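Enquirer: Single-letter residue listing:
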Amino acid sequence: GNSVTQMEGPVTLSEEAFLTINCTYTATGYPSLFWYVQYPGEGLQLLLKATKADDKGSNKGFEATYRKETTSFHLEKGSVQVSDSAVYFCALYNTDKLIFGTGTRLQVFP
Amino acid sequence: DAGVTQSPTHLIKTRGQQVTLRCSPKSGHDTVSWYQQALGQGPQFIFQYYEEEERQRGNFPDRFSGHQFPNYSSELNVNALLLGDSALYLCASQNWGGNQPQHFGDGTRLSIL
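Sequence order for the protein chains is E and W. Quick note, the numbering used here runs 1 ahead of the 1-based positions in the first sequence. Quick note, the numbering used here runs 55 ahead of the 1-based positions in the second sequence.
These aren't lab readings, by the way, just hints derived from the structure by calculation. Since the model is a prediction, treat every value here as computed from it, not as a measurement. Keep in mind that the hints are not guaranteed to be accurate.
[Stated by the list, open to error] Cut-off 20 angstroms, straight-line C-alpha distance, at most; resulting in silico cross-link-like pairs (SDA-like, lysine to any residue):
#1 W:Lys81 with E:Gln46
#2 E:Lys53 with W:Pro156
#3 E:Lys53 with W:Gly152
#4 E:Lys57 with W:Gln155
#5 E:Lys53 with E:Thr66
#6 W:Lys81 with E:Asp97
#7 W:Lys81 with E:Leu47
[As the list claims (entries may be wrong)] Restraint-style ranges between C-beta atoms, simulated for each label pair:
#8 W:Glu109 with E:Glu16: 40 to 50 angstroms
#9 E:Asn3 with W:Asn132: 25 to 35 angstroms
#10 E:Glu16 with W:Asn126: 39 to 49 angstroms
#11 E:Asn23 with W:Glu106: 34 to 44 angstroms
#12 W:Asn132 with E:Thr103: 25 to 35 angstroms
#13 W:Arg112 with E:Ser80: 39 to 49 angstroms
[Stated by the list, open to error] So, partial list: chain E residues that the calculated Cβ filter (under 8 angstroms) puts toward chain W:
#14 Pro41
#15 Leu45
#16 Leu47
#17 Ala87
#18 Phe90
#19 Asp97
#20 Lys98
#21 Thr103
Every residue gets a Cβ at the ideal spot worked out from N, C-alpha and C, and that includes glycine.
Can you make the complete structure from the sequences, with help from the hints?
Expert: What follows is the structure, encoded as structure tokens:
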């Protein structure tokens, strides 16, 4: 079956620190992979995506590379800001639906 | 260009009641999916509508039903509400076919007393 596993949070960082949020997946076939972000009281916003192996998705300083050999799609950012504080969801898209991980809360302090 | 809009924003019901949630997709989109997000969890797929038909369904009981209208908007109905139905209900829209990203609304927060 299809599933997504994310590292548990919260992840607590100081401003300008390096961020990594781990995500691994299990899937049949060749899914597309996504990172979504959810700010308090809001819905999900698409952060970045990758549709095939070795693709790198990037947006707003965040990036993630689709690694088929390790079935991973880790999210990274070189220098986080307080405004990046949110919950981040890794998801795979297969058979016309999204399968989400449980989310990782990021807290960034000045 | 309006994004995905959902109504109402918040709703409080009691056990056994019925509820209807509404969604208007992003302009130009023809496919609507519904998700349930319990507190502290990731969203879970409920079902998807295209051309006014339910195309896929997740692992949810028949108490959860839906509808899509000719203008692509959609409703989610839940009957015989249980305490465990308390959650954020998210609507997402996209164009049918391919790996098009889904765009989400801000959700409806449903609380069951």
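Enquirer: So which hints don't hold here, by number, going up?
Expert: Numbers 14 and 17 - these are the hints that the structure violates, sorted from lowest upward.
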